[in-house]
Amino acid sequence: MNNQDFVPFLQKNWQEAGFQKPALIQSKVFTAITEGKNLVGIAPTGSGKTLAYLLPLFNKLVPGNPSQLLVLTSSQELAMQVVEVARKWLAGSGMKVQPLIGGANVKRQQEALKKKPEVLIGTPGRVLELITAKKIKAPTIKTIVFDEVDQLVQGQSLQLIQQIVKATDNNTQHLYFSATADVVLAELNQFESELLLVDVTEEDDSQGDVQHFYLEVSERKKVEQLRRLLNLPSFWGMVFFNQLNDMGSAEEKLLFHHLPVASLASDQAKMSRKAAIEQFKKHQVLGLLTTDLASRGLDIEALPFVVNTDVPLSEESYLHRAGRVGRMGNTGVVITFVTSQEKADLTKIAKKLDLNLAPIYLFGGELLTQAPIKKSEKKKNEKKSKKSKGKRRK
38 MNNQDFVPFL QKNWQEAGFQ KPALIQSKVF TAITEGKNLV GIAPTGSGKT
88 LAYLLPLFNK LVPGNPSQLL VLTSSQELAM QVVEVARKWL AGSGMKVQPL
138 IGGANVKRQQ EALKKKPEVL IGTPGRVLEL ITAKKIKAPT IKTIVFDEVD
188 QLVQGQSLQL IQQIVKATDN NTQHLYFSAT ADVVLAELNQ FESELLLVDV
238 TEEDDSQGDV QHFYLEVSER KKVEQLRRLL NLPSFWGMVF FNQLNDMGSA
288 EEKLLFHHLP VASLASDQAK MSRKAAIEQF KKHQVLGLLT TDLASRGLDI
338 EALPFVVNTD VPLSEESYLH RAGRVGRMGN TGVVITFVTS QEKADLTKIA
388 KKLDLNLAPI YLFGGELLTQ APIKKSEKKK NEKKSKKSKG KRRK
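Residues 38 to 431 in our numbering are what the sequence shown lists, from first letter to last.
The hints are simulated quantities; they were obtained by calculation from the structure and are not laboratory data. Computed from a prediction, not measured in an experiment: that's the story for all the values here. You can trust all of the hints, since none of them are fake.
Heads up, simulated BS3-like pairs for lysine-lysine below, C-alpha to C-alpha not over 25 Å straight-line:
hint	residue 1	residue 2
1	K58	K125
2	K49	K97
3	K174	K203
4	K125	K153
5	K151	K97
6	K179	K151
What follows is a list of derived Cβ distance ranges for each label pair:
hint	residue 1	residue 2	range
7	T384	L234	25 to 35 Å
8	A381	E261	17 to 27 Å
9	M308	G192	22 to 32 Å
10	E261	K125	36 to 46 Å
11	A223	V122	24 to 34 Å
12	P396	Q227	38 to 48 Å
Ideal Cβ placement from N, Cα and C applies to all residues, glycine included.
Between the sequences and the hints, there should be enough to build the whole structure, so can you do that?
Okay, here's the thing in structure tokens:
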């Protein structure tokens, strides 16, 4: 795969993006996708999976043919992020991208579909609703991409995507992308056969240098430590909570201390969620507080910090949260708050994910990798030093 493999508008956009060579997952799947094969693409977070499927599919789009490509995502945020990338790479083609997400005005979406967009990107519930209402002609869909498929094959979403697939033509190409293979393959094997597996997890070196630390803290002091982190001159990061209630309580306390934070929650209105992400991207807020909702697919360029205020509930959760840093070769730091009781749980996760986990200390307005010497200890050491000097003089 290289620039010469693309149609003219993609060649131009590739040059303007300043790309020298494709990411590993992009080069590995290009030919198979171009040939119309069904496949599962597994690659680490931040390794270029979105362009891995968009570029070869855009390369074979036919202008004027409606609803050729459907991309399904697990969240509204991820859908809108893919829309943003898709519009950038379709620039100069004259082709249209239509987002179809829950929470947005369905009548406006129906009107937009009358303009016959070539590319549809949305969440399963809204897409199925529009197919059922015959606003999308499912047989015209040539390819369906399932982005972050490990989330899409869980719970009610699995039933929704099965109904969407059933409504499309038998020859429709199916592409499944994820950062983790285990859950995906087990689920897909139940209703898909003859899938090509492309797993570059072991080979991929696009992940930047990410350091993993734990900060020991009592439960009642977690928000105080978070406040001290947010006061560091270099801090700008995503802050994860296991429970929405804890996130809401922390946000209240941080805003009371005039710290610039925003929150991202599943029960927020669409515009409120969008505003929070935009504020964070523009550095208008230093911390974006969220749950696992935003750990999937949200791409914040060169994000330096991820903070877990609780130990994530699974290795998969830790992996996707940590995947917000170190994307496309950038460096990053992941800090997990642990109580003395939680430390063993984090150690288990680190062992399973083969992480180098080290302690970190927040002291005197700095993050230290060596335990600081407290004043009382310092005085004791000074007294000992004086005594030993006195003995030597005698």
